[in-house]
Structure formats: C-alpha cells, structure tokens
Amino acid sequence: MHRKTLITGSLMLTCFLSLAHAQSLKPEYIAQATERTITLDGDLSDWAGLPQYTIEMSNGFPSVPVSSKGYFQVAYDKDNLYLVGVFNQAKDTVLAKLAQDAPEWWNDDVLEIYFQPNRTDKVPTSQHFAINPAGVRFKNYTATTEYQTASKIEDNRWIVEVAFPLGKGVFAAAGDGSAWNLKVGREHQKAGEYPLWPMGGDFNAETNYGILSFNKTLQDAQSLVGKYQVAQESATPIISRVSDISSFATYYGKDAATISKLSNFDLAITQPGLSKEQLDALHENGTRVVAYLSIGELDPGSAWAGEVKDSWVLGTNANWGSKFVNASEVGWQDIMVRETGKLIAQGYDGVFLDTLDTADVYPQAAPGLVATVEKLRKTYPDAVIVQNRGFSLLKQTAELVDAVMFEGFSSAWDFNKKEYHAVQGDPNFVASYAKRGLVVLAQDYANPDDTATITNDYVRAREYGFIPYVANLMLDQLYIPEL
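Those letters in the sequence shown? Residues -22 to -1, 1 to 461, per mature numbering (1 follows the signal peptide of the UniProt record, and there is no 0), in order.
Derived by calculation from the structure, the hints in this document are not laboratory data.
None of these values were measured; they are calculated from a predicted model.
Backbone N, C-alpha and C define an ideal beta-carbon position, used for all residues, glycine too.
Be aware that a few hints might be false.
What the hints assert, rightly or not - Each pair of labels, with its calculated beta carbon distance range:
| no. | residue 1 | residue 2 | range |
| --- | --- | --- | --- |
| 1 | G293 | A259 | 34 to 42 Å |
| 2 | N425 | N297 | 14 to 22 Å |
| 3 | E171 | E460 | 38 to 46 Å |
| 4 | S238 | P278 | 27 to 35 Å |
| 5 | D312 | S104 | 43 to 51 Å |
| 6 | L378 | T71 | 45 to 53 Å |
| 7 | H261 | D428 | 27 to 35 Å |
| 8 | T123 | N425 | 47 to 55 Å |
| 9 | Y230 | S104 | 22 to 30 Å |
| 10 | D277 | N118 | 44 to 52 Å |
| 11 | F393 | G231 | 50 to 58 Å |
| 12 | S238 | S201 | 58 to 66 Å |
| 13 | T71 | T120 | 18 to 26 Å |
Sequences are here, hints too, so could you generate the full structure?
So this is what it looks like as structure tokens:
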C-alpha cells in the first residue's frame, strides 16, 4: 500500500484558521478618502479632522512594528486625489539628495504609494509612485511624474503632500462610492526600516494591499468591511487534480533504488528520463509523477537548444548558466507544448513548470509565460500541472494549474555565502489561492543531517496548510523524515 503522511485533525484545523486569518479584512485596512479640497503648501491645517492611518508594520515576514512610525491621510475633490505622509525622523538623519532621474532612488528616504484602481479585475493594473522628503517625484520604475507635490522637513519629522489628477493621464477617474487597492510605504535609510500600510509583509505580495474607499462623508468602517469582504470572498473555487495528496518529494537523481523509494510519497517531481517500468511501479503504488520542464529559461544542454533563436534570449542566469527566454515567442511556446506531449506519452502524469520567475526579471516575458500555461492546459486537459513560484502570474494561472510550489519557504541556499540558511517566506503570496483550493507545496533546502531545520520547515509549512518537503540544493538525495 502507498504510505501517506497524515495530518491530524487538530493540525488541519489550525491550517485552515491560519489561511482564513491571512485573508480577513479589518477596519484598519480601509483608508477613507472623504471630499475636501487641499492646498499643497506643507501646512497640515487643511487635513485637520481627517482620519490618520498609521504606517508602522515592517516589510518582510513576520511583520513587526518599526521604531520610527508615520501616518498618512487621504481626501479628494472633483479634480484630485490628495494624500499626505507625515513621518517621524530627526532632521539631521533625513536623506533627500537624489535627482528625479536617479536610477536607484530608494537610497533616499522615500514615500512610496501603490494604487490598483481596477481592483476587481482578475489582474489589477498596479501604479507605483515615489517621492523623497524634498518633494522630488522619481521617474524610474514608477507610473508617471505628472502630479503635484509639496514638502517640508522639520526638526523631528518630514511631510510630503501629493495631488494626483483624477481622470487625467494614467490616473483613473473616481468619486463617491469608488474603491481602489492601496499600499503606502516609507523608506527610512538610517534606521534600515521600510514599513508598509496596511499590514506590512513582503512589498511584492499582491495580497497585502488595503482598500482606498472614496466617500463623500466619513462612513462607519465596520460597514465598509462587510461591503468589501463579500467581494473578496466571491472568488471562483479552484479545482485541483491533486487535492487528495498529503506528501510530495522532488528528486532529480538517477539512482534506481532511490527512484523506487518515491513510492513513499503521493506526488513525485523528477527529471525526464524515468523508464516505463519505473513509472509503472510508482503508479502501482499510487504515486503520481510529474516531469521537470523549464518554461522561462533554456538549459544549453537541452535537446531543443538548437531550435531557440538568439533573438528569443533575454539574458543569462548567473546562478545556473541558463538563458532567460522571452516566452512570448510563439515558437518557444510550441516547443513547450510539444515536449510536454512527449513526457505524457512516456507515462508521466504531467509537468512541473519551473522558471516562471523570469517574469520578475524581464516583465516582457510575463504574457508569454501565461500563454504557455494556457496552451498546456488546453492541449492536455487531464494533465497534472505544478507551477514553481511565479507568484506575480498566479492571478492568471491559478485556475489553470493544480498546485503551486513555494520554493524557499522556510530555508534556502545562499548563492553568495554558499550555505543553507533560514528564511521567512511570506505565506500571503499564495494564501488566498490555497483558500480557494489550490494545493501549495513548500520546497525547502537543508543538509540531510540538520534535523532541527528540517523539522522546523515541516512544522511551519503545515501551520499554513502547505505540504512540506526538504532536500539538498541539487535535489539528488531523497529525504524521508518521519514527521
């Protein structure tokens, strides 16, 4: 019989409670912009009486209160959305030296603002703005500089006022009853702090936005929670073909005896090349097997390397020597569909899709990566498809795949120091999808004799309802801990 790693009922309850908590909307996660015209002059008198929203929870996970706090306020009229940031900081520590076109403007102290005006779209458009304490509107990596600012640096704080022109340029129109997603951050260089409103967490996570609610007059915050929570909870359930699994392993070695031990797991991720006899033996024990396929990078040693045109290559991955590929090239997509077909014909249950994080390095590849996943699902409707990371694409791919791997959730390999180390991956990258039914696999890395780390990785993953596995960096050893 196929041995399964069981999770107790009490632990499963803890998992689901953790996910539910991660997605709960709180009154303090809603910022209300009420109707008022603000004059940008660095004087806070126009803002008197409006709610203040505290910026204090640190970037990263777990998020903790920072030492130097601040707050923001919001208002609007028919022409503008106004926002003011007020930040505690001694004047002699304030950094505000860089010019508008500075390539690394984050080396100043900065107010950062993120909008998603089309918040109910499947893939909301994000707009990012950055202003230093001198009122400089930074150009690089931001949506536009076509808005107004005023600033003031005082003895123990700095102030930045902003007016965004509603319905002009890149800015959406808004009025009473409108709602946008909002995130507000503050860079404090001397303190080494980057707090975020509303909840801190990894600033790249799509789930750590609050809501900017446009209301002619101030509304009861709890009633707004009910209004917006209903919309959040109406997302379509995700049907996973591996919803019944409770264990998995990743093994890229070729040792026959080790391959046979994959029968200890419900799901096995391997390199292509297993024999029909090996696949049949694993299937007889109830193990489903998916084969590795890199859809965002090209291994120069792959059988199809000669088919890839130089114009498809975007750059080189220095860690592995592979090439970043523009997956928007239809020829590349066709190769991925063809190779998947070969693997399924050989007896694999599906594919493990790696290197979707290419989209974070080269955003122009993102549409092609999504299109590739769409083609794979359309061509092979019964295949098991597992996606490795690619969190920025999950809004578009979550309903197409059966599981997402969170690689490096609790421990990882440091390529600079050449050693394993503990990390604190933010579960909010995937928690909302797990709540809808997507299976989350937590793949961590440690030495085989580091039982303390391995135990911690398993416990932490299960706390969030994720399925854990720990291996060595090269994935050529099989760990079978009794956890």
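Hints versus structure:
no.	hint	verdict
1	G293 to A259: 34 to 42 Å	holds (41 Å)
2	N425 to N297: 14 to 22 Å	holds (19 Å)
3	E171 to E460: 38 to 46 Å	holds (42 Å)
4	S238 to P278: 27 to 35 Å	holds (31 Å)
5	D312 to S104: 43 to 51 Å	violated (31 Å)
6	L378 to T71: 45 to 53 Å	holds (48 Å)
7	H261 to D428: 27 to 35 Å	holds (33 Å)
8	T123 to N425: 47 to 55 Å	holds (49 Å)
9	Y230 to S104: 22 to 30 Å	violated (35 Å)
10	D277 to N118: 44 to 52 Å	violated (33 Å)
11	F393 to G231: 50 to 58 Å	violated (21 Å)
12	S238 to S201: 58 to 66 Å	holds (60 Å)
13	T71 to T120: 18 to 26 Å	holds (25 Å)
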